[in-house]
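A.B. asks: These are the residues of each chain, in order.
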Amino acid sequence: MRQASVVILTDETEFARLLTACWQAERQAPVVTVLTSDLWREQQGPTRDLVVVGPVRDGKLSNVLRSLDPATAVILCAPADLKEFGQLRTKYPRLVHVPLREDWAQTLLLVAGESLRRVEAARLARQAERAAAKNENHATLSRYMLEMKHSVNNALTSMLGNAELLLLEPGQLSSQSLAQIKTIHSMALRINEVMQRFSSLASEMQEAENASQAETEETDSTISQRR
Amino acid sequence: MHLFTVEKYGETTAVQKKVLIVDDSPAEVKLMQSLLEKEGYWPVGLNDPTRVEEAIAHERPSLILLDIVMPDRNGYQVCRDLKGSAEFNSIPVIMVTSKSSVSDKFWGEQQGADGYVTKPFTRDELLRAVRRFV
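Here the protein sequences line up with chains P and X, keeping their order. Position in the first sequence (from 1) plus 308 gives the number in the numbering used here. Position in the second sequence (from 1) plus 1332 gives the number in the numbering used here.
If you're looking for bench data, these hints aren't it; they were derived computationally from the structure. Idealized CB from N, CA, C, for every residue including glycine. Honestly, I wouldn't trust all of these hints.
The following label-pair restraints were derived from C-beta to C-beta distances [stated by the list, open to error]:
hint : chain 1 : residue 1 : chain 2 : residue 2 : range
1    : X       : E1386     : P       : Q533      : 54 to 62 Å
2    : P       : A440      : X       : T1382     : 39 to 47 Å
3    : X       : P1403     : P       : S483      : 37 to 45 Å
4    : P       : A436      : X       : T1382     : 48 to 56 Å
5    : X       : Q1442     : P       : E517      : 22 to 30 Å
6    : P       : E517      : X       : K1370     : 42 to 50 Å
7    : P       : A510      : X       : E1385     : 29 to 37 Å
8    : X       : L1459     : P       : Q533      : 56 to 64 Å
9    : P       : R498      : X       : E1371     : 20 to 28 Å
10   : P       : Q480      : X       : R1463     : 25 to 33 Å
11   : P       : L486      : X       : K1437     : 31 to 39 Å
12   : P       : R438      : X       : R1463     : 52 to 60 Å
13   : P       : L449      : X       : D1456     : 31 to 39 Å
List time: in silico DSS-like cross-link candidates among lysine-lysine, alpha-carbon distance up to 25 Å [to be verified]:
hint : chain 1 : residue 1 : chain 2 : residue 2
14   : X       : K1437     : P       : K457
15   : X       : K1362     : P       : K457
16   : P       : K490      : X       : K1362
17   : P       : K490      : X       : K1370
Construct the entire structure; sequences and hints are all you get.
C.D. replies: Laid out in structure tokens, this is it:
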């Protein structure tokens, strides 16, 4: 699993210090960057999976939140009343509020852990979708090639057969023409070898897919029997 | 009728070595005809697989070379019908096809085919298969 990246955005040094220390004690610590509201520039900021917004100077909170990408996971751990938080949630659906109570650090770590897992899961899902789209393209190409195999083989039959007929009865053909026909014949045989390799590859892949399918069905059957 | 015959040999010889080629591609038929003619066979071409029985009754071939992928009636169907017919089931049938997988060959044998040649074939491969029967 790749290391997650977290930005702690606060003007309170103690908040950042305590949270960083708590995170360092965790088994899987993310890469933590601490920024003050003055240094915060969303567009130029480091790439991050999660932004933890801690206490900031008066009047800075709305500016900070406004600059955040709505798609970024954000945990707000700063004083905010319920009404204000409700308004913020409407605008930032991925915003989670952790009240600044006695056990805020532990709660925040739990929420942050879940949030980072979700970010990672979403990243893996996107990666899988890209891979699936790529595989789909390859599959389309392969299906097309398999469908074309018949036509290619028919064309090769004609090329090979007619070349052989010309070689059997060269007639008035010059030695150069004969050599060219022999080249056509051997190249047609070469194409045939390539097509045969392609066919065996397709068969091997099909067998592997069938074996995998059978294994999956067997596992499913074992699980349902245990239940 | 899509029948074309080559009157090159005497009647007796021709009947003994007559080969019916059933393929929807005229170019393929022509090619196989040329290859077989050079070896002394009397090849008869047919492009319409729905008229195989009619052609056999008319030509009385000693061997049938049968393509599989054809419109209206595929080679498997033709072979199944011929092998199920008391009148025609003694005539050997060689499938000549671009369908090259093991399952295709197996299915061809299940229909009663006596031989199987995959396209593209060389002259030697075709003649070797033909000589097994005529």
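A.B. asks: Please go over all the hints and tell whether each is borne out by the structure.
C.D. replies: Right, here's what the structure says about each hint:
| no. | hint | result |
| --- | --- | --- |
| 1 | X/E1386 with P/Q533: 54 to 62 Å | 59 Å, holds |
| 2 | P/A440 with X/T1382: 39 to 47 Å | 44 Å, holds |
| 3 | X/P1403 with P/S483: 37 to 45 Å | 43 Å, holds |
| 4 | P/A436 with X/T1382: 48 to 56 Å | 50 Å, holds |
| 5 | X/Q1442 with P/E517: 22 to 30 Å | 24 Å, holds |
| 6 | P/E517 with X/K1370: 42 to 50 Å | 45 Å, holds |
| 7 | P/A510 with X/E1385: 29 to 37 Å | 36 Å, holds |
| 8 | X/L1459 with P/Q533: 56 to 64 Å | 58 Å, holds |
| 9 | P/R498 with X/E1371: 20 to 28 Å | 26 Å, holds |
| 10 | P/Q480 with X/R1463: 25 to 33 Å | 31 Å, holds |
| 11 | P/L486 with X/K1437: 31 to 39 Å | 35 Å, holds |
| 12 | P/R438 with X/R1463: 52 to 60 Å | 56 Å, holds |
| 13 | P/L449 with X/D1456: 31 to 39 Å | 34 Å, holds |
| 14 | X/K1437 with P/K457 | 16 Å, holds |
| 15 | X/K1362 with P/K457 | 21 Å, holds |
| 16 | P/K490 with X/K1362 | 21 Å, holds |
| 17 | P/K490 with X/K1370 | 19 Å, holds |
This entry satisfies every hint, going by the numbered hints stated previously.
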